[in-house]
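Put chain B on the given structure of chain A with help from the hints.
Keeping their order, the protein sequence lines are chains A and B.
Yeah, the first sequence ends on 451 if you go by the working numbering, and it's all consecutive.
Yeah, the second sequence ends on 1358 if you go by the working numbering, and it's all consecutive.
Certain hints may be false.
[Unchecked claim] Here are the simulated DSSO-like pairs of lysine-lysine, each with C-alpha atoms no more than 27 Å apart in a straight line:
#1 LYS814(B) <-> LYS687(B)
#2 LYS1058(B) <-> LYS361(A)
#3 LYS1179(B) <-> LYS150(A)
#4 LYS1161(B) <-> LYS150(A)
#5 LYS271(A) <-> LYS874(B)
#6 LYS874(B) <-> LYS361(A)
#7 LYS361(A) <-> LYS1280(B)
#8 LYS158(A) <-> LYS1074(B)
#9 LYS1119(B) <-> LYS158(A)
#10 LYS31(A) <-> LYS1166(B)
#11 LYS1053(B) <-> LYS414(A)
#12 LYS1161(B) <-> LYS31(A)
#13 LYS43(A) <-> LYS1166(B)
#14 LYS158(A) <-> LYS1121(B)
#15 LYS361(A) <-> LYS947(B)
#16 LYS31(A) <-> LYS1305(B)
#17 LYS1057(B) <-> LYS361(A)
#18 LYS1166(B) <-> LYS33(A)
#19 LYS1166(B) <-> LYS150(A)
#20 LYS1074(B) <-> LYS361(A)
#21 LYS1314(B) <-> LYS973(B)
What the hints contain is simulated information worked out from the structure, not anything from laboratory work.
The residues making up each chain are set out below.
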Amino acid sequence: MYLTIQAQGDNVKAISYLLAKNPNNVYERKQKGHLVRFFYSKCTDTELDATIFITPDPLELIQNKSRSNDITHYINDREFAVSSIFTSLIRSALGTALNGQPKEEYAQWVGHRFPFRFTFGPVASSLSDQQLRALFEPIGYEVEITRPKIDYSIHIKDRSSVRTVSLSGLQTLQDGLRHLFVLIPVIDNYKHYFIDEKEIDKLERYGEGWLETHPNREFIYRQALRFKELYDLVDLADEKEKKESPEKTLRLNDLRYEKIIELLEGLKPKTVVDFGSGEGKLSAKIGFLKGIQEILAVEPSESAALKAMDRFNKLEEKEQFVMPEAIWGSLFYMDERLRDKDAIVLCEVIEHIDEQRLPKAMDTILSVYQPGALIITTPNREYNEVYDMEDHFRHADHRFEWTRVEFEGWCHKRNHQSQYELEFHGIGEEQQFFGHPTQLCIFKRKREFS
Amino acid sequence: MKIGLPHAGIVLLVGPSNSGKSTLLNSLITDGAIVPSEVIGSDQFRILVSDKEFIGWGDRPPDEAVGLMEEYNSISKEAFSLMESLIETRCRLDKVSIVDATHLHSADRKRYIALAEKNHVPIISLVFDIPEAELLRRDENRDFPRGKRRIKQQVQVFNREKRWLKKEGFASVYTIKDVGALEFFRHANPLKKEVGPGIDLVGDVHGCFEELLELLGKLGYQKNEEGLFVHPDGRKFVSVGDVMSRGPASLETMQFFQQHVQRDLAFMVDSNHGWKIARWLDGRNVVLSHGDEKVEAEFAAYENEAGSENAKQLKTELKDLLLQAPSHLIFTANGVPVLTCAHAGIKDEFIGKQSAAVSDFCRYGATGGSDVQGKPIRKDWTASRTSQSLIVWGHDPKPRPLLINNTINIDQGVVFGGELTAYRYPEREFVSVSAKENYAGTDGNPLHEWEKNRLSPPNIAKFLNGYSVLTEELGEVKIQQEIVKPAIDSVSHFTVPIEQLLYIPPTMSPTPKPSSLVGYLEHPQEAIDYYRSNGIETLIAEKKHMGSRAVLLLFESKEAAKKQTGLDTLGIIHTRTGKRFFDAELEQQVVNRLHSELQKKGYFRKHKTEYVLLDAEIMPWNLKAKELISAQYAHVAENALLDRSALTGKLAAAAAENEQLTGWLKEYEQKQENAEAFRDVFQKYCWEVDALESIQIAPFHVLAHSGETFFHKPHTWHMAMNREFADGSELFVATEFKLITDQASEDQVIAWWEEMTEDGHEGIVIKPESYIAKNKGKLLQPAIKVRGRKYLSIIYGMDYLQPEILARLKNRNTGKKQKMALKEFSLGLEGITRFQNRESIERVHECVLATLALESDPVDPRL
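Chain A with its partners taken away, still in its complex shape (with noise of 0.2 Å):
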């Protein structure tokens, strides 16, 4: 990771001072392990040529990372690409140029516009040239983007994943370090460190005076705080651009536990497994129910299980609800605990499910866990149509997505022993021809068998 500085013309060898960098010298600090080196290829009265680089420790660089047992733990681009990493090891070595406070005969020039060439490397980046050019040009650069060839002895990739980035434009040392300083952790795929409210202020320092009325600066904040809860605290004036949500789906999500809840209400059951209840939104709804003395949330993911959790949490002072039980479960195995409930929910579960798997899940449930009701939602490939989809499932996850006579088909197979009577739903806008964009089945146990 370096940077290089070039400058010619009149007066450029005041650069040296401005950097409080010795031509005579070559310079080398060691930070948290790592070499920050500094040398000029030329520092002459019209051409100026300095480098400052690091030459990392890469042992230093990967002793705090959590997952030490996976195989990339020692291969990572981080001791190579500019990054956050970079701009804070060489921080302090450039603390004087960066504060514009030069030795007080120098001070002249802090202000003074010199036409500089700005190259650093490798970028390691999924912003495309584009995108890089939108964040230099508008405050004044010219952007030159190279990218090594590649001669793979097998088709790996079309090009090379790194580049690097050279910048022209007559700056003041100071903005163009800022410039860099804020940009090169923006333009960077990762950041090193945990990233805080300090940010915002160090956003603040270094933007002053270009930031505010950079078109992109949104962009620039967004991709500067990863995190959201961070980026919500910045009060940004221009209205935030709402990123295109699927409106669709979360409507058709909200439909989807409308019909099961009403469907439920028809049932009147005490107690309701919800299997895969994901992030616990359906079970907390579920928890509302009149009547409902149990309902179990089984998950077996770890993240979405949490979330459920604080879901459940925060709704536990409500009243009149049912505090669902979050339980550590799968439809692969046999669940004492799940059976002889009133109803069990299957919502948008099976599709995620390889179908040679699934017969054997749904005679446990039918035959061993018996419910009093079954409800299972899935897709309609049909509509897939209606969204323009082509041959794609709807979610990456999504193993097959059926028609409606598919999704028939296969719940009358499930009833082999005809212990249910089955019902088909339409959940969603329906169209002609293709039906409704969700399909359910609600198995019901015959009363000879309950």
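Below, chain B without anything else, positioned relative to chain A:
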């Protein structure tokens, strides 16, 4: 009078103040007949809770008297509650508590009777019936006289209550009039028996008399002149109950046990059928079914033949045998409990206890609800057991005797055409004989049911809170709750179906010590030294393929697959994390190709197997790791090259005029070389996959066939099999290997390793010749990987050979990795062995899930 104290439980003293209770106890302590801690007195507890033994109020004005009485009552209440909790604790621990208080009111006594019942221990009472005059005289002489009025009141109550005492539920009531003429002794726990020279526990006989005699013969019992079966070493046989019903010769079998139990040559515990027949013989109104009706028929036949007098005599004898059969037995070695035997199982807290509840559990096991036919549903009481003590039981026929959570079921359903099993203790061996026929017919045959349920989904309760797997090679492997859950998550979302997931390859440790050579992190020498120092003579060095580990389960036919796994897929190929290796379409192609190759070779017929389970490496690396290579390795290489070439260029240009920069330049020239080497080395393991034939599969372990596992075969055998697979194959490839037997072959292997790793190959794996190697009983690493210098740069980073980095890496600790490797190796073997033995998929999954758990990161403790 002789007074027998129970082996455990409560001895309740009853009698007014001054009747000599404490005095008697003190003298018993002095004599050593009891120990002080066995005596629990209310006075003692009053002092403990309030520092006061007694409060008198007889001579106080009424207001004060009321106050004092209240104080005394509340002290008493607390004292009694503390006392009760102590007594209960002692009951649980099978200790005797002698309760020293008046216990005049029936409510006081009932509390203790309930306490004894709740804890399944006996309670007896010692009733002190002393004349009132004597009591009053004694009261006058004591330190804190209770006062005449109180004594008189107490006597009144005592006289009213004493005649009811016998009916209150005491095991025995001793009425003491003269304290002088008492003799005390202690009963032993009737449930405890010494193992002595050894015992042979026999499973449910169910009237299969022929098989029983054959089994006893096999166990070394010999018929003596009296017709009794005795063992020359003095061993005894123990029936886990249900010797009768369902089978052909219940009467003979019962008589046989009656004779042997009576002479102390055998033991027999109570059981469900035994209890039913006992009550029938006792003349109770019971419905004989489930094969009990056959016993009735046999009695009728006997009566016909031998006459009613003999029949009556026999009935009485057998009734006594069955009614007296203990609920369970505890076998001790030198007085220390080592094994418990109960028919249908026992809860740990019931061991050594006696009560109706204990007897019921031992007869019927854990039950809950009833099925469609009204039969009680048997629950698995062994699932959640965590105790270390061994329990042997029968009742619930299973195809094989299995050690599960330190319980062994030895009912192998001889009456259903299965086997009659004996468990020899302390040898811990099974001996069995096959049934001559299926006597009970096929209807509801539990062995068939068992086979039908073999593939039922595993019970999640067994795993959720953490669990242990008892492995043959390493003993107990403990799996903590917080790593089980993510493994269950993975099985629920990503792995192949549980029925097809039989084995997860273990992790492999590098050399326990880093290389002693400069410039090397790993070297074969350290692996060889490890095995040599553990007494292993012959080693095998196999070339380590650089691809992705895979497990292949290939079936002879779809029918065979259905039979083994319940799913009719011809084969399955999965990764070390249990995920499908290829996408469905490619998997089908690969499996079909392999299947037709194996069929062409006549593999399944030749080896008489329905399936083959292989441990293999599949190449090229990019097949599975394309994303990783692109996003990680190639990306890092590009970063490094760009960074280093830019700086090298800059430094080179500047160094011409600035001497100070020569050091940095040299450093960066080296770094650039490292980056270039790194870029080259990972490409070595990649090639374009444009046709099925571009895929290479190296099967280096043949794990199992339907009749056999191959952990007893040396690696040379596995390598021979490897060649058999590779021979003429389009997908299977051979694995190069060399044997190490002496210095010369050792040097050859090292040279071979040097050469191949210099060329960029990953390296070699060094294994002991035998699959399972031990030194002084301790399991050794089954394999040690020795990776090459170049290869390791893609593991430890491109600059890892820089002396200061290498020095730090040499401090790596492989201890944890080695332990993991042993655990996972043992779990792998265990799971495959269980599958091959046709145990339930739950028992196989237990091992698989354990390895997945060991490889997963712990979850939030809140979950």
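Here is what the structure says about each hint:
As the CA atoms of LYS814(B) and LYS687(B) are separated by approximately 23 Å, the hinted pair is consistent with the 27 Å bound. At roughly 15 Å between alpha-carbon atoms, LYS1058(B) and LYS361(A) fall within 27 Å of each other, so this suggested pair holds. A hinted pair counts as satisfied when its Cα atoms are at most 27 Å apart, and LYS1179(B) with LYS150(A) qualifies at roughly 20 Å. A hinted pair counts as satisfied when its Cα atoms are at most 27 Å apart, and LYS1161(B) with LYS150(A) qualifies at roughly 25 Å.
Using a Cα cut-off of 27 Å, the hinted pair LYS271(A) and LYS874(B) holds, with the two alpha carbons roughly 25 Å apart. Under the criterion of a C-alpha separation no larger than 27 Å, the hint pairing LYS874(B) with LYS361(A) is consistent with the structure, at around 21 Å. Between LYS361(A) and LYS1280(B), the direct Cα distance comes to roughly 40 Å. Violation of the 27 Å bound is thereby established for this hinted pair. Distance check on the hinted pair: LYS158(A) and LYS1074(B) sit about 25 Å apart at the alpha-carbon level, within 27 Å; holds.
At most 27 Å may separate the alpha-carbon atoms for a hinted pair to count; LYS1119(B) and LYS158(A) meet this at roughly 15 Å. Restraint check for LYS31(A) and LYS1166(B): the C-alpha separation of about 19 Å stays at or below 27 Å, so the hint holds. Proposed proximity of LYS1053(B) and LYS414(A) is supported: the alpha carbons are some 22 Å apart, at most 27 Å. Distance hint between LYS1161(B) and LYS31(A) is fulfilled; the C-alpha atoms sit about 19 Å from each other, no more than 27 Å.
For a cut-off of 27 Å, the pair hint linking LYS43(A) to LYS1166(B) stands: about 24 Å separates their Cα positions. The hinted pair formed by LYS158(A) and LYS1121(B) meets the criterion: a straight-line CA distance of about 10 Å does not exceed 27 Å. Pair hint LYS361(A) plus LYS947(B) holds up; C-alpha atoms about 14 Å apart against a cutoff of 27 Å. A threshold of 27 Å between alpha carbons decides the hint, and for LYS31(A) with LYS1305(B) the separation of about 24 Å falls inside it, so the pair holds.
Taking the CA atoms of LYS1057(B) and LYS361(A), the gap is near 14 Å; set against the 27 Å cutoff, the hint holds. For the hint pairing LYS1166(B) with LYS33(A), the CA-to-CA distance comes to about 21 Å; that is within 27 Å, so the pair holds. A distance of roughly 19 Å separates the Cα atoms of LYS1166(B) and LYS150(A); the hinted pair therefore holds under the 27 Å criterion. A distance of roughly 19 Å separates the Cα atoms of LYS1074(B) and LYS361(A); the hinted pair therefore holds under the 27 Å criterion.
Between LYS1314(B) and LYS973(B), the direct Cα distance comes to roughly 12 Å. Compliance with the 27 Å bound is thereby established for this hinted pair.
Against the hints set out earlier in the document, a violation occurs for number 7 only.
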